[in-house]
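> The lines below spell out each chain.
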Amino acid sequence: MNMIQALNSAMDVMLERDPNVLIFGEDVGFFGGVFRATEGLQKKHGLERCFDTPIAEGGLIGVAVGMGAYGLRPVVEIQFADYIYPAYDQIVSEVARLRYRSAGQFNAPMTVRTPYGGGIFGGQTHSQSPEALFTHVAGLKVVIPSNPYDAKGLLISAIEDDDPVIFLEPKRIYNGPFNGHHDQPLTAWSKHPASDVPKDYFTVPLGEARILRSGEDITVLAYGTMVHVVLAAVDETGIDAEVIDLRTIWPVDVGAITASVRKTGRCVIVHEATRTSGFGAELCALVQERCFYHLQAPIERVAGWDTPYPHAFEWEYFPGPARVAQALRKAMEAQ
Amino acid sequence: MNMIQALNSAMDVMLERDPNVLIFGEDVGFFGGVFRATEGLQKKHGLERCFDTPIAEGGLIGVAVGMGAYGLRPVVEIQFADYIYPAYDQIVSEVARLRYRSAGQFNAPMTVRTPYGGGIFGGQTHSQSPEALFTHVAGLKVVIPSNPYDAKGLLISAIEDDDPVIFLEPKRIYNGPFNGHHDQPLTAWSKHPASDVPKDYFTVPLGEARILRSGEDITVLAYGTMVHVVLAAVDETGIDAEVIDLRTIWPVDVGAITASVRKTGRCVIVHEATRTSGFGAELCALVQERCFYHLQAPIERVAGWDTPYPHAFEWEYFPGPARVAQALRKAMEAQ
Amino acid sequence: MTPSAKAVRSASSKGRKPLKPNALSLRIPEPKARPGEMLDFGDLHLSEAGAARRPPIDAEPSEIRDLAYDLIRVLDDRGRSVGPWAPGLDAETLRRGLRFMMLTRAYDERMYRAQRQGKTSFYMKCTGEEAVAVAQAMVLDREDMCFPTYRQQGLLIARGYPLVEMMSQVLSNENDPLKGRQLPVLYSSREYGLFSISGNLGTQFIQAVGWAMASAFKHDVKIAAAWIGDGSTAEGDFHHALTFASVYRAPAILSVVNNQWAISSFHGIAGDPETSFASRAIGYGLPALRVDGNDFLAVHAATRWAVDRARANLGATLIEHVTYRAEGHSTSDDPSQYRPAGEAAGWPLGDPIKRLSRHLSEIGEWSDERHAALEKELLEMVRAAGREAESHGTLGAGSRASVSTMFEDVFKEAPWHLREQRQQLGV
Amino acid sequence: MTPSAKAVRSASSKGRKPLKPNALSLRIPEPKARPGEMLDFGDLHLSEAGAARRPPIDAEPSEIRDLAYDLIRVLDDRGRSVGPWAPGLDAETLRRGLRFMMLTRAYDERMYRAQRQGKTSFYMKCTGEEAVAVAQAMVLDREDMCFPTYRQQGLLIARGYPLVEMMSQVLSNENDPLKGRQLPVLYSSREYGLFSISGNLGTQFIQAVGWAMASAFKHDVKIAAAWIGDGSTAEGDFHHALTFASVYRAPAILSVVNNQWAISSFHGIAGDPETSFASRAIGYGLPALRVDGNDFLAVHAATRWAVDRARANLGATLIEHVTYRAEGHSTSDDPSQYRPAGEAAGWPLGDPIKRLSRHLSEIGEWSDERHAALEKELLEMVRAAGREAESHGTLGAGSRASVSTMFEDVFKEAPWHLREQRQQLGV
Ligand SMILES: Cc1ncc(C[n+]2csc(CCOP(=O)(O)OP(=O)(O)O)c2C)c(N)n1
Ligand SMILES: Cc1ncc(C[n+]2csc(CCOP(=O)(O)OP(=O)(O)O)c2C)c(N)n1
Ligand SMILES: [Mg+2]
Ligand SMILES: [Mg+2]
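Chains L, Z, X and B, in that order, are what the protein sequence lines are. For what it's worth, my numbering labels the leading residue of the first sequence as 1, then goes sequentially. For what it's worth, my numbering labels the leading residue of the second sequence as 1, then goes sequentially. For what it's worth, my numbering labels the leading residue of the third sequence as 1, then goes sequentially. For what it's worth, my numbering labels the leading residue of the fourth sequence as 1, then goes sequentially.
Next comes chain L alone, as it looks inside the complex (with noise of 0.2 Å):
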């Protein structure tokens, strides 16, 4: 499976098992969402397991917080990430915080999907990577797939977590495993080992980073699209990096991350979104806290630029395989 395939798996599977599941968002029903992660969820589930929902985000998680009230398990979709700003004090003030105003009474269970990141010539409004705006935020769950096997599992794991997860997909990877390299043909899932998905129900654990390559000499941090990235990047450098994709930034699997930083004593951060604020921060802040006295070298940042994402300049705003390279090379000569 491809990554929305997977996608569209784990929904069919949830709806098929949990009939307090439903989905709804911006053209999901009929046609199938415009990257058509739902399609045909409406016509095999019914019309009301999975419809359209008037423009307004706000609205549509207003709304999943009264479901999630009365006893049922929404699964929104956002169209862009770039979108869910409107839906921003419903997530903050409500979502995130219900459970806790209401000492356990209520809670909302709900799984926020939402295509996020560049690399697809989208301009400003269609390539965000918000996630910072929502580790920031007590009561929510943070979850971003690098590959279709974690995309379904994580995502059936998501709809059954009883506290709300935003779940960011990283659109650029929906159909193969995009490693920054532009100039280059798309592989695509098809010839990628996690591309062999289950039909069946399976879920992959929030919470828990995986190593993706095990190395010594420095430790790599990343998650969705960058993943890819960084695994090109160190191929290329030839350095024994140790690649960790998060998973779940938040609760961040910090025991994976602290016992490889104390190994390799060197540490880059990869992300596309805007540096200054971003998860990275966090991340650095995290690693300096644990693991100063083994630290060998500034940990390195590798993010976004702190500009609006422009639309003629995807590749040099796209952190790349040449700018970890750098990094990578940066954070092994210093000493």
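It should be emphasised that the hints constitute simulated quantities derived from the structure, not laboratory data. Honestly, I wouldn't trust all of these hints.
As the list claims (entries may be wrong) - If the Cβ cut is set under 10 Å, some of the chain Z residues that face chain X in the computed set are:
no.: 1; residue: G33
no.: 2; residue: F51
no.: 3; residue: D52
no.: 4; residue: A256
no.: 5; residue: A259
no.: 6; residue: A312
Every residue gets a Cβ at the ideal spot worked out from N, C-alpha and C, and that includes glycine.
Using the hints, position chains Z, X and B with the ligands against chain L.
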């Protein structure tokens, strides 16, 4: 002047000097605002220079964007920072990006004033510190004064600035330099040198931190109410700390920070906001990137817990002098 | 439609250069009266008691738009129940309604004083608005879910929620069901069908529609009821609620409590003073009723109509309750700063408790003696409850939930970072 | 008002347990026809050309609510201009309108193909909707500010904005006034009074109200005009715009372009299909006009009424333009997936260009020959402009703004962190 009087004076001066300045927000008109910051301004300058708006934060920021495009300089009040989220889309997608996306044709030179922070038993929705949700957004300046003099000088600079400024007012110190000792009587601003505020026009430049106390052993970075808490903790521990009031948290005065930490070799960062992905994370990352080889101890973060702000636990939540002192000692003891 | 005199005066003031011919000007609405000025309720569109028609519950919204501008009133000036909306309730029910309203008021008095005595940080009364929450609670089924604002404490009282629990929430003490986490009056009770009250205005309106959609989705028979203030109708979530309610035909009762004020802003700041809040529903194809919110019988009857309609799977109704916030916005507010002192007393629709009491007397089911006795009984009851609640602690004195609970319920299970932070605090 | 057959079928499907008596059910609106089904425009409320009344511009909104449900049409089936709304425009003006609409369509064709040829990433046509932007631009003064969506390219064309500049924006080349920063079609031109188009739906609607308030605040004579799609009316900013416009009586023309579709969602998902988008204005006390958006004369006349009203300081008008999105939502869309193939052709209100052309012929001011000649001339013009624009580069080929400009205009002056990042990139 206390802080409210200083803010009022800044707006009064700017209404007088610039016919394009106008003020609006919920209850700011006839009544003068729930914290009385705009008291008397409508009466003095006219109904349409300072007026009430509908309760629609997104609406009033949207209106300010259009006014800015026309050529006005709106100063808007969001009654509490906790209520800024309905305006988040307008701020992130419009205010912050307008100059960039229009290649400089249009800009939104607005100042968004809003009281923030805890210490007043305001519970979850009158106590938040959302600054990091704005520092992550390219195109916004974020300013936080810690005393009446700066409040007036910085607010005038913000109003005159051609870029949008999020102006966060630490409501706990409106009436006096609260140092976290809630069991002790609050000393009034009148006893504080910074309460000596010129009646007329003056500015305090954006982007410049202020060293409140120079010291040799450790650098403490803080802003807003926490500045006074830090000074108290430093006194009580007798540690020779250099205390830096950031004043403008973005773009931050990285020069002042770097120089200080290179001198002291130790650093503690203090804010009220929830710890994870708070602005302290960015400060921590900046410091370790620039001062790695000078650091003798891990950078410590003292921050609000990663929970909503609980009404009955005001002082267990609020990062008071004891927690700051503890962090100072920890950082000093580390080898 | 010309801008108000004041506006023009002040617009052309401040020695501006002479205006262009046909220069535009900004209209800033102002209330008819400010402190020191004569009372004036001229912009309040009243109808005679009994005048408004009562359509069948399956009427097309397009056929009943007039009811968004009329005012449904049942009690006339002499306290008689008149017209097609007269609900024909038995005396027993009316006395229960009166009792709940009086208990709500007595409760408010007690908790207001508790705040003044420093036993808590904050309090909000609903004085003058008791009929709205009480009458609506009596029409709704116990299983229906309420999504109120901070000013519908009458819902909990009418549903028999223990006063001691309510008070304990306000006092943030050890007995507070919300463990001291919420600002006073932001109650929550799943058991009593009251959704956790938010400090952020308007959010509950669309959530109620979601709950109602869920009930319909499950082919259940429960409906949702939501309340919002006149000022808060300006928030996007009000629009979201009407949009989703109309599109999915959600079984919800959507009430706008127009108490004329939003802190210091009069209703004309939330929408053109020339129109009604009920009429917002028209553009969504939803039915709307504008009702005398201080008339217990009218509120009861209008709510009955909307509830029957929703249960018949005909969707949501918007009800505007025309009432008046007789006291300050909250204990932090001083209304004498922005409205004439006598406004509450001069309010044309009177006081809901007096009016229902008068009606009961009018039909020979009540007397001043019984009224006084009931007042005394309720006062005692509240006093006793207050003493018991305070014995569990008050804010800043006596016991409260254990500090470690501060780290619970952020997530279902506390992740590593919260366990760590809890240890740092040493609890 | 019973749920659609389909909804019931599917609600009771999936082998659920038998429903409770009077069980509720969720209504999910569906378009009358999906691919493979018979066309059906039954829910479109049409009026005869010339039938709608034309009130004076200072009419009270409460007196003209009917116009929110009527349909203002001027051109009848034979191409004659009839009724009180006939604007009485001279042939010269009509021919200019026709020319602008045809140029807009030719431009769309060219840029659509450019995208298909890989010269840019994305494009959006306004085919079938040309009358809205063109007629409105012709009524507005050049000094009035436009806050459009991505589907009003006709505004720039009618205001004479150079085609080469427009194309350069779409191609993100070195000549792009927006320096390659924006997605194609998100134009901006302060000089031509067109506000920077946002990728986020609805935001411009309230911004336009703010601009109009600023003009009134300065006692200026300029007004603002804003456009929003039917689907986007569900966003909170639509509600904000109507609220602020009514409260402050802002001189703004607020247009809802109801082209029946929002990507794959039909208009009934944005609001109850039984009502009109124009009627949203009623609840705010704003006047509303529902107009045949494919009738150049009707759009012109309705806009004239609203503009005169706004300039007379009487505030905003909401205009619903009933039109049809004849092509895909964008180059990323395939409408055959979700609507019947013949729908565009079967659209009852026809094509705006054909209808205006027919009218001109009807009055003896136009002919097929002249039409063909004009088509040819415009095609040539667009071709020439296209060649010139492409000589400045296309996306991913040829020149574009220098990379260092990527770091400019985030702030007025680049702070230290952006200077550093620029150095890191080595530009
Ligand atoms: C989103 C948001 N904005 C602002 C506030 C501050 N605030 C609290 S109550 C209030 C007035 C509400 O007035 P109204 O809706 O009429 O309700 P009422 O208090 O009259 O019952 C305001 C502005 C808030 N709590 N939430
Ligand atoms: C806030 C936001 N949500 C969602 C989108 C994605 N989106 C772009 S266009 C569109 C449909 C808009 O339909 P409508 O308002 O009817 O305008 P039309 O395209 O028909 O002209 C959607 C959902 C967006 N751009 N912004
Ligand atoms: Mg009110
Ligand atoms: Mg549309």
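> It remains to establish, for every hint, whether it holds in the given structure.
The hints, checked one at a time:
| no. | hint | in the structure |
| --- | --- | --- |
| 1 | G33 | holds, 9 Å |
| 2 | F51 | holds, 5 Å |
| 3 | D52 | holds, 5 Å |
| 4 | A256 | violated, 29 Å |
| 5 | A259 | violated, 31 Å |
| 6 | A312 | holds, 3 Å |
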